[in-house]
Amino acid sequence: MEAISEFRSYLESRLPGAVIRVRDLTGTEDHFDVLVASDAFVGKGLLEQHRMVMAVMKNRLDRSEVHAVKLKTMTLAEYELRANQEVRT
Amino acid sequence: MSGAHPFRISPRPSDIPRNGRPVLDTRRGDSTLERVDRLVNSAPVFLFIKGTPAEPRCGFSANLVRLIESLAVPYLTFDVLSDENIRAAAKEYVSWPTFPQLYVRGQFVGGNDIVSELAASGELRRLVRGEGDE
Numbered sequence: 376m377e378a379i380s381e382f383r384s385y386l387e388s389r390l391p392g393a394v395i396r397v398r399d400l401t402g403t404e405d406h407f408d409v410l411v412a413s414d415a416f417v418g419k420g421l422l423e424q425h426r427m428v429m430a431v432m433k434n435r436l437d438r439s440e441v442h443a444v445k446l447k448t449m450t451l452a453e454y455e456l457r458a459n460q461e462v463r464t
Numbered sequence: 007m008s009g010a011h012p013f014r015i016s017p018r019p020s021d022i023p024r025n026g027r028p029v030l031d032t033r034r035g036d037s038t039l040e041r042v043d044r045l046v047n048s049a050p051v052f053l054f055i056k057g058t059p060a061e062p063r064c065g066f067s068a069n070l071v072r073l074i075e076s077l078a079v080p081y082l083t084f085d086v087l088s089d090e091n092i093r094a095a096a097k098e099y100v101s102w103p104t105f106p107q108l109y110v111r112g113q114f115v116g117g118n119d120i121v122s123e124l125a126a127s128g129e130l131r132r133l134v135r136g137e138g139d140e
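Chains A and B are the protein sequences, given in the same order. According to this note's numbering, the residues represented by the first sequence are 376 to 464, in order. According to this note's numbering, the residues represented by the second sequence are 7 to 140, in order.
In short, the hints are calculated from the structure, not lab data. Keep in mind that this is a model prediction, so the values were computed, not measured. By construction, the Cβ of each residue, glycine as well, lies at the ideal position given by its N, Cα and C atoms. You can take every hint at face value.
DSBU-like cross-link-like pairs, simulated, lysine-lysine; straight-line CA separation at most 30 angstroms:
hint, chain 1, residue 1, chain 2, residue 2
1, B, K56, A, K419
2, B, K56, B, K97
3, A, K445, B, K97
4, A, K433, B, K56
5, A, K419, A, K433
Just some of the chain A residues that point at chain B, by a computed CB distance under 8 angstroms:
hint, residue
6, L421
7, L422
8, H425
9, M429
10, K433
11, L436
12, D437
13, A443
14, K445
15, L446
16, K447
Chain B regions said to be covered by chain A (calculated; three or more residues, Cβ under 8 angstroms):
hint, segment
17, 92-103
18, 112-118
Looking at chain A on its own, in the form it has when it is part of the complex:
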């Protein structure tokens, strides 16, 4: 769990104001399911949203601390809408 919370803190520090959720996909603390909801994504396409988060995670991926990330991005408004509808993946 330590790697998860450390990774999450790192993302939070680099993506201020974002809602961030990190799940360990494999139990090995190197395959993460990451959800980022941020108003920095408003008006940006999916590819650019992912690019923004990937840029932050790049060094972790490069150093292979994090082997793989399943990423889901959305705006805060979309996140709240989803939470209200309880549509979770």
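Chain A is fixed; fit chain B onto it per the hints.
Chain B alone, transformed into the frame defined by chain A:
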């Protein structure tokens, strides 16, 4: 891979090699980035993956191939595990750090997560088949 029956959109069958087969001799004298550029433009739908469509070496690559297969369009792939130079250059080419990568008509679309979302919304089919589909 059985069950997929891709139709040809190319004028001549010889233009479209068997699905998933890398076409190009990547050992020509060009720079590696030029080789990447030629690869991604070698077919309307092109994937950089780990392994091959028949034997993917990564779950994300396997999933992306499955999504593309479900569209029944011709596509080509290149195994980035087979060439470390291409692997590095492909990351640089679109400033994207991971594989798999999908390109449609030479344009980078995204990795497995993005393509999965586009597939779920039906946008992938529209994108791959081109607008004004059916």
